[in-house]
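Chemist: My request is simple: use the sequences and hints to build the entire structure.
Residue strings, one per chain:
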Amino acid sequence: MSRIIVITSGKGGVGKTTVTSNLGMAIARLGRRVALVDADFGLRNLDLLLGLENRVVYTAVDVLAGQCRLEQALVKDKRQEGLVLLPAAQSRTKEAVSPDQMKKLVGALTQKYEYVVIDSPAGIEMGFQNAIAAAQEALIVTTPEIAAVRDADRVVGLLEAQGIKRIHLIINRLKPKMVQAQQMMSVQDVQELLAVPLIGVIPDDERVIVASNRGEPLVLAENVSLPAMAMNNIARRLEGEKVPFLDLMAEHDSLINRIRRLFGG
Amino acid sequence: MTSDSAQQIPVPTPPSDPPVDSQLQVRLKTEGERLLLILPPDGESESATNWSDLWQQLKQRLNAGERFWQGQATVHLMAQDRLLDGQKLQAIADALSEVELQLVRVYTTRRQTAVAAATAGYSVEQQPPTFSLNQTPKEPVSLLVEPLYLQITVRSGVEIRHPGTIVVLGDINPGGEVVADGDIFVWGRLRGVTHAGANGNRNCRIMALQMEPTQLRIAEAVARAPQTPPAQFYPEVAYVTPEGIRIARATDFAKTHLLLNS
Numbered sequence: 001m002s003r004i005i006v007i008t009s010g011k012g013g014v015g016k017t018t019v020t021s022n023l024g025m026a027i028a029r030l031g032r033r034v035a036l037v038d039a040d041f042g043l044r045n046l047d048l049l050l051g052l053e054n055r056v057v058y059t060a061v062d063v064l065a066g067q068c069r070l071e072q073a074l075v076k077d078k079r080q081e082g083l084v085l086l087p088a089a090q091s092r093t094k095e096a097v098s099p100d101q102m103k104k105l106v107g108a109l110t111q112k113y114e115y116v117v118i119d120s121p122a123g124i125e126m127g128f129q130n131a132i133a134a135a136q137e138a139l140i141v142t143t144p145e146i147a148a149v150r151d152a153d154r155v156v157g158l159l160e161a162q163g164i165k166r167i168h169l170i171i172n173r174l175k176p177k178m179v180q181a182q183q184m185m186s187v188q189d190v191q192e193l194l195a196v197p198l199i200g201v202i203p204d205d206e207r208v209i210v211a212s213n214r215g216e217p218l219v220l221a222e223n224v225s226l227p228a229m230a231m232n233n234i235a236r237r238l239e240g241e242k243v244p245f246l247d248l249m250a251e252h253d254s255l256i257n258r259i260r261r262l263f264g265g
Numbered sequence: 266m267t268s269d270s271a272q273q274i275p276v277p278t279p280p281s282d283p284p285v286d287s288q289l290q291v292r293l294k295t296e297g298e299r300l301l302l303i304l305p306p307d308g309e310s311e312s313a314t315n316w317s318d319l320w321q322q323l324k325q326r327l328n329a330g331e332r333f334w335q336g337q338a339t340v341h342l343m344a345q346d347r348l349l350d351g352q353k354l355q356a357i358a359d360a361l362s363e364v365e366l367q368l369v370r371v372y373t374t375r376r377q378t379a380v381a382a383a384t385a386g387y388s389v390e391q392q393p394p395t396f397s398l399n400q401t402p403k404e405p406v407s408l409l410v411e412p413l414y415l416q417i418t419v420r421s422g423v424e425i426r427h428p429g430t431i432v433v434l435g436d437i438n439p440g441g442e443v444v445a446d447g448d449i450f451v452w453g454r455l456r457g458v459t460h461a462g463a464n465g466n467r468n469c470r471i472m473a474l475q476m477e478p479t480q481l482r483i484a485e486a487v488a489r490a491p492q493t494p495p496a497q498f499y500p501e502v503a504y505v506t507p508e509g510i511r512i513a514r515a516t517d518f519a520k521t522h523l524l525l526n527s
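Protein chains in written order, with my numbering: chain A, 1 to 265; chain B, 266 to 527.
Simulated from the structure, these hints should not be mistaken for lab results.
Virtual Cβ for every residue (Gly too), placed ideally from N, Cα, C.
A couple of the hints might just be wrong.
[Claimed, not checked] Restricting the straight-line Cα-Cα distance to at most 30 Å, the calculated cross-link-like pairs of lysine-lysine (DSBU-like) are:
#1 A:K165 - B:K294
#2 A:K94 - B:K324
#3 A:K112 - A:K78
#4 B:K324 - A:K165
#5 A:K104 - B:K324
#6 B:K353 - B:K324
#7 B:K294 - A:K103
#8 A:K177 - A:K242
#9 B:K520 - A:K94
#10 A:K165 - A:K103
#11 A:K175 - A:K11
#12 A:K76 - A:K177
#13 A:K104 - B:K353
#14 B:K324 - A:K103
#15 A:K78 - A:K104
#16 B:K324 - A:K11
#17 B:K353 - A:K165
#18 A:K94 - A:K76
#19 A:K165 - A:K11
#20 A:K112 - A:K242
[Stated by the list, open to error] A short list of chain B residues far from chain A (calculated; beta carbon distances all over 10 Å):
#21 Y414
#22 V432
#23 N466
#24 E485
#25 Q492
Modeler: Quick look at the structure:
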């Protein structure tokens, strides 16, 4: 039984596509067959982040129009066996596809792939409806900011109404230093508001941007970074492993901070 | 929000919020052995809810009351003047069967809906269109309907309206809104907007285990929470005085207000 997971957030720019590309790569490295679906029609980015842009020939819209077979549109990743991308059309808009067509596409992918991971566009309009139409479970990506968390809350409500009950939370771009100085929402603050089980916390790191620009997901880098570790851990948790959460605060835990916390400062 | 028995919070100008129109949301009502599912009338007005909103409301209401539906209870759908095709009827029946409810009968004033329902095998009662006109109350109903009990997190973007008292077992998140003609009880954190006594009843109250609202409204009075949140929370009651909305500790409120009134 394959798993169909949508990665969504409501707000734009919180790292949905970055998480999708890294997570897809990480799951494939665990030996699974993974299909990534870019549901952001008209504003496709997933192929860029995976460094596969120049190998896209056909897109999902071509498949639906009957201009090619599904296998022809799938772009295989050369670095990682078992990972394929179904690119979105860049020239069309979100209305080019209907939720039913999306279900059909994803249904066809589940024949061959154990994981179908759908990268949702920002917003809650047609594109979002398409992205969640076929999904069985959802990963909500949010940053520890009020606007992002508010939008995530809205999206959780919409997913629940859609009947998607398995929802997990990824908190992206956490800055432990700022949390310690009480300038940023903590993991607990976000969790308390959203009331959705947490599956990973990814610290803010400049290397993520560098990796995105190069089109090489961070989990492939030789030097292991904290964000890459966090991503790999999420993949393992999806597989059902119990992996303890990284202690992101440890690095900044000076004696003074500890004392301050002791007094509830 | 303080240890005083009552505390005033800033009261800006009265709101321009119209009285709650209870007719605009999906309602579930038990009547004897059966459950009535009442859809809001379609109407021609702009405020009429479209299908996708209606669908979300239905799913929310069903999930929020899941514990109370007795296995295989029968449901009568009051579709009013709403146009439902076979697909939509099927969607409603599926949503009901997910919580072990069974759609058996459809009441409608529209011929097409009646045909679709009959085709799908439900027993149908087609009422003459004038019936629905008589049914929509022209005057605001003075009697409150039975309380609405919801086990739910009222998330951002969700708006719940009910022409009676509302009990929420769960949090009301910022961006969520609950509007009642009666009282509002929140067995959880109140962080969104609540409006009690929305048809103008100043005797209504808002109660929450943890009161940190974006805004409180009772009848035509409005209050905001203080800028600095209190260090400690305890259950509180908001009520209207001639000076505006006040808040009292729930434990004190019983002594100072409830006994005096009786």
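Chemist: With reference to the structure, classify each hint as holding or not holding.
Modeler: Checked hints:
1. A:K165 - B:K294: At roughly 26 Å apart (the allowed maximum being 30 Å), B:K294 and A:K165 satisfy the hint.
2. A:K94 - B:K324: With a Cα-Cα distance of about 26 Å, the restraint between A:K94 and B:K324 holds, given a limit of 30 Å.
3. A:K112 - A:K78: 18 Å, holds
4. B:K324 - A:K165: 12 Å, holds
5. A:K104 - B:K324: 24 Å, holds
6. B:K353 - B:K324: 13 Å, holds
7. B:K294 - A:K103: Distance of about 35 Å is beyond 30 Å: violated.
8. A:K177 - A:K242: With Cα atoms ~27 Å apart, A:K177 and A:K242 stay inside 30 Å; holds.
9. B:K520 - A:K94: 59 Å, violated
10. A:K165 - A:K103: Within the cut-off at roughly 18 Å; holds.
11. A:K175 - A:K11: Satisfied, since the Cα-Cα distance of roughly 19 Å is no more than 30 Å.
12. A:K76 - A:K177: 39 Å, violated
13. A:K104 - B:K353: Holds. A:K104 to B:K353 sits at ~20 Å (cutoff 30 Å).
14. B:K324 - A:K103: 21 Å, holds
15. A:K78 - A:K104: 27 Å, holds
16. B:K324 - A:K11: 24 Å, holds
17. B:K353 - A:K165: Between B:K353 and A:K165 the Cα gap is close to 22 Å, so the pair holds against 30 Å.
18. A:K94 - A:K76: 24 Å, holds
19. A:K165 - A:K11: 21 Å, holds
20. A:K112 - A:K242: 27 Å, holds
21. Y414: 18 Å, holds
22. V432: It holds; B:V432 is separated from chain A by about 18 Å at its closest Cβ, greater than 10 Å.
23. N466: 29 Å, holds
24. E485: 28 Å, holds
25. Q492: About 16 Å separates B:Q492 from the closest Cβ of chain A, which puts it past 10 Å; holds.
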